[in-house]
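**Student:** Chain by chain, the residues run as shown.
Number of protein chains: 2
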Amino acid sequence: MTDLKEGVCLSAFWYSHEQCCWTSNETTFEDRDKCPLWQKWSELLVNQSEGASAYILNYLMYILWALLFAFLAVSLVRVFAPYACGSGIPEIKTILSGFIIRGYLGKWTLLIKTVTLVLVVSSGLSLGKEGPLVHVACCCGNFFSSLFSKYSKNEGKRREVLSAAAAAGVSVAFGAPIGGVLFSLEEVSYYFPLKTLWRSFFAALVAAFTLRSINPFGNSRLVLFYVEYHTPWYMAELFPFILLGVFGGLWGTLFIRCNIAWCRRRKTTKLGKYPVLEVIVVTAITAISAYPNPYTRRSTSELISELFNDCGALESSQLCDYINDPNMTRPVDDIPDRPAGVGVYTAMWQLALALIFKIVITIFTFGMKIPSGLFIPSMAVGAMAGRMVGIGVEQLAYHHHDWIVFRNWCRPGADCVTPGLYAMVGAAACLGGVTRMTVSLVVIMFELTGGLEYIVPLMAAAVTSKWVADAFGKEGIYEAHIHLNGYPFLDVKDEFTHRTLATDVMRPRRGEPPLSVLTQDSMTVEDVETLIKETDYNGFPVVVSRDSERLIGFAQRRELILAIKNARQRQEGIVSNSIMYFTEEPPELPANSPHPLKLRRVLNLSPFTVTDHTPMETVVDIFRKLGLRQCLVTRSGRLLGIITKKDVLRHMAQMANQDPESIMFN
Amino acid sequence: MTDLKEGVCLSAFWYSHEQCCWTSNETTFEDRDKCPLWQKWSELLVNQSEGASAYILNYLMYILWALLFAFLAVSLVRVFAPYACGSGIPEIKTILSGFIIRGYLGKWTLLIKTVTLVLVVSSGLSLGKEGPLVHVACCCGNFFSSLFSKYSKNEGKRREVLSAAAAAGVSVAFGAPIGGVLFSLEEVSYYFPLKTLWRSFFAALVAAFTLRSINPFGNSRLVLFYVEYHTPWYMAELFPFILLGVFGGLWGTLFIRCNIAWCRRRKTTKLGKYPVLEVIVVTAITAISAYPNPYTRRSTSELISELFNDCGALESSQLCDYINDPNMTRPVDDIPDRPAGVGVYTAMWQLALALIFKIVITIFTFGMKIPSGLFIPSMAVGAMAGRMVGIGVEQLAYHHHDWIVFRNWCRPGADCVTPGLYAMVGAAACLGGVTRMTVSLVVIMFELTGGLEYIVPLMAAAVTSKWVADAFGKEGIYEAHIHLNGYPFLDVKDEFTHRTLATDVMRPRRGEPPLSVLTQDSMTVEDVETLIKETDYNGFPVVVSRDSERLIGFAQRRELILAIKNARQRQEGIVSNSIMYFTEEPPELPANSPHPLKLRRVLNLSPFTVTDHTPMETVVDIFRKLGLRQCLVTRSGRLLGIITKKDVLRHMAQMANQDPESIMFN
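Chains as they are written, first to last, in our numbering: chain L, 5 to 670; chain U, 5 to 670.
Among these hints, one or two may not hold up.
Any copy will do: because identical chains look the same in the list, a pair fits if it lies in one copy or spans two.
[To be verified] In the SDA-like style, the derived pairs of lysine to any residue whose C-alpha atoms are separated by at most 20 Å in a straight line are:
| # | residue 1 | residue 2 |
| --- | --- | --- |
| 1 | Lys271 | Asn412 |
| 2 | Lys629 | Pro619 |
| 3 | Lys44 | Thr214 |
| 4 | Lys154 | His502 |
| 5 | Lys199 | Leu630 |
| 6 | Lys650 | Ala240 |
It should be emphasised that the hints constitute simulated quantities derived from the structure, not laboratory data.
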């Protein structure tokens, strides 16, 4: 569908340009791009392949197709599955931390996201399919776990399945099974026990194996951007690699700030009311600006692939237009550094323009109401910058063999600098700056490229990029979007080091009305029903009596309502002034009182408690590690108050000098 | 030192055979093994290089050197650092789970383990250096963290440093930085927050970078066993790969059972009293049996390297003695399958004998009082088995091109089967069977070999091997040794699914004397001192009074003793019948009573509590995730009992139908 924007295959319209020319027998190796079966729109419609009018016609068709695909996508999302937009990773992180967003992983989301993902990628917008594929995989995981009661009834087990699904999603998206497991561990999952590691590993194995069987790239390889470089890297090259890391970190910061500012504007102004129009406008701008530049016209993954590649002898790309030494006859593998030709200089200009365009347009694209991933655009930005730096270093080394930095490793006629490697390092740095991944980033990069030798440059760039980006703000793009949307997400990465105590955070605070509690054997059914009606708490602590306030358990609101309703319908003698009791034995009642109602069944006898003197550092730790939603506060057995997850989040925001009310939970 | 067993370099005795011949100018490529500067012992001592007497002399010298090295090693360990023996990984796991073994990570251990590791590896014993290097790295980590008060005073922080050190250790041992991080995560560390992941990653990066700068293998590569295969693998080959997985699982089970039985015998019988003699005997047997077989005589890592290698055109190894088709002139890279020659058949026999020898001797070697790792011997066993299977499949495919399984992918004259790949897969399977690693195993294997293409075969073998081994017993070798030594280690991998409650596990049990508690303001100094003298508990719960038993806090034994001692020495008026109080305000006392002693400072006001109705599943989870050592049990604020980590471990053993007393904590 991406190629439909440029032309059509006469033998079968669903063939891509490359597939179309495979089947054509008349094609020779040299002009594999030109085969009679593939016709540009201008050739098909007005029988012209060259000239200004043909160019304009092709340009228009390109824009038209892009608009068509984008319009279809955004309409489908709006009408059928509003949750199918975005990358989905912030929401999945939140879901895995214990929050429930109904329908987010539903069947409609699965279906619509799959279809629209194809449309938006084909429309040529500056977005990738990798993040959304994680969401799609989690929808599948959710669907399968709903088939087995072991998983559908236990939220914890279901989350383990989702963690494994996220791993499988990345495994398929990049052909990187181990990177997928690590991505799930580092970026997506909240609580990742070893058991889940091992299961995710298995899921990723099966995913990779299935992918290998389908063989989508037609080369028996799992990896998306396979590269083979012929020279090792040199110590002195670490300097430009670290520079690329700095660039990645700065780009990450810039992107996150601008994108969040734009998304906030979308949320708070009228802009948010016209999502379809927004998509149409951005698509039009993208298509209009992208077509004239060969580096933005093609699909982004093709671009990355070309940027990563080393210039072999058979490479016909403009980027490999070096001036060959006619006296040199060497084996094809080992081409020495050469001076750049005209093509390379042209390519540098075009790349620079493409880089600026990508940086700007990605900021506006990510966050629109269509499925959109960030991996590919970030990598493209990094790869373009990296390739340019690489060519620069290469030319510097060629023309200045005598400089001290080059003298040791770059003799004349040697192949010392591989610009493709710089592109790879740059891609890793930019991806790291945006997402703040470290280990999973390096693993994905070398699974993606097969470049195991270059682990130290990749690690150095990833570390630098994370440091630089962290210096300007701790949040990666996913955390920033979680914040923006106000999801109750307790980040495991932040350290809480303030010296506040549970008593400072718990409610009720000084002067507030006391906590709504149930007593174990002195409230009537009507009392409880009134309490339920007047409050909207999720549950109520149960104490021995209002005087002693000794805590005996916790009753969920939902279960209380259900139990009372059932009792009123089915149990005889239960009236409004029946006493409700949570003890084993019924309380002693006056002779003429109505039949009491036993509710011990709905009482959670092991609510989580801390004392009022517990440091908040410990409380935060307990909330994180045990995934609690609330926790009761006691002093020597007496109930003092309650701390909910939202209280903890508000307190953390307050301590970080943020406005606690900015964390609105919607 | 390994090569000293066979001969000596005349130009410099500390050169290895290979280094010696590098410096010799007279060597041509073909007989790089024969250079005049390198002399076998027989050549040097009696000027004979061939013949029976020369053979016997070399044989004797080989045994003598082996015995010398081993004797030196075991003596050093016995005299200076008894903790330097073994691989150290079980102990480090236990330390990271919160148990303290004093001196285990001390400076002497570091020094002696480093020196003796060199000696034992040179002695030719069936052991590897990789596990012990993790211990050495942790000793370094411990040493550095003792220099900074932030780390030396906080056990949690120190453990994070140790986790990172373990990652760096594996990173250096294998040249596998990411594998190191994952090994630390999967095998060594107990609690591994994301922060530690990122720091371990940095430690591993620096370790890999340093290793790269030193360039120990002289090939600018980080990896130990670099291989390059020229053919992809085929779907049908999954069957032998899975068979190798089964073999790995069986070997893992066999090894763990036999080794544990032998170690138990060593612990319980007289055998354990003569560690030096044991080492001498095992070394003698190893040297005597190893010398005649070329595959056991050389160092194990060289053997693995040869087994992993594909047979190129220049390969002079016996394993590559195929019958060449004289009509075939092909580029060196792409040698088709050929019939095996005499050398291959000889090699098969020798490999089979070496395999049996390695299997037997490793069982007796691991656990002796010398530093000994398991990675390399396990990999050697797997690589030998794998190579034999690989050659078998290769010959089968060559001679039976027409069989259905081969017909699709193995035409005559094609290079379809790579026996080296089978060796790699076998090595992964055996390592997996012994250690039960999954993700880290695959990552280490492909970092070790650069074989990214073969991730699916490696994963398939690792998964099969783990399944088969788990079917016979859930414990890996490290857990088995933890159990054998009775360390209090609460495994995070086991699931606890029984329906017992905290009340079933807590002490005191029914009929036992009540818990030793302190009251908040009614016990005298003497009462407390008596209590401390009569019991050996680590601490005491503090309650309001013996009647109400409402819990207010927990006091550590150590701090109590110290506080009372200080008060008696420095505070005036503190006598044996002074009242001790933990409240804010002193209790009201009769007029003539001595000055009371305020001890609120030593009171932990936020002890961890659960109710008696809490399911043990939750309690075990809390102990694991929060790393608790004890937990108090209450019911509506009244103290009922206490659960310690040992109680939890005993209960888990009981539930798993093991004798709880078998878990002796020594």
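**Student:** Hint by hint, which ones does the structure fall short of?
**Tutor:** Numbers 1, 3, 6 - these are the hints that the structure violates, sorted from lowest upward.
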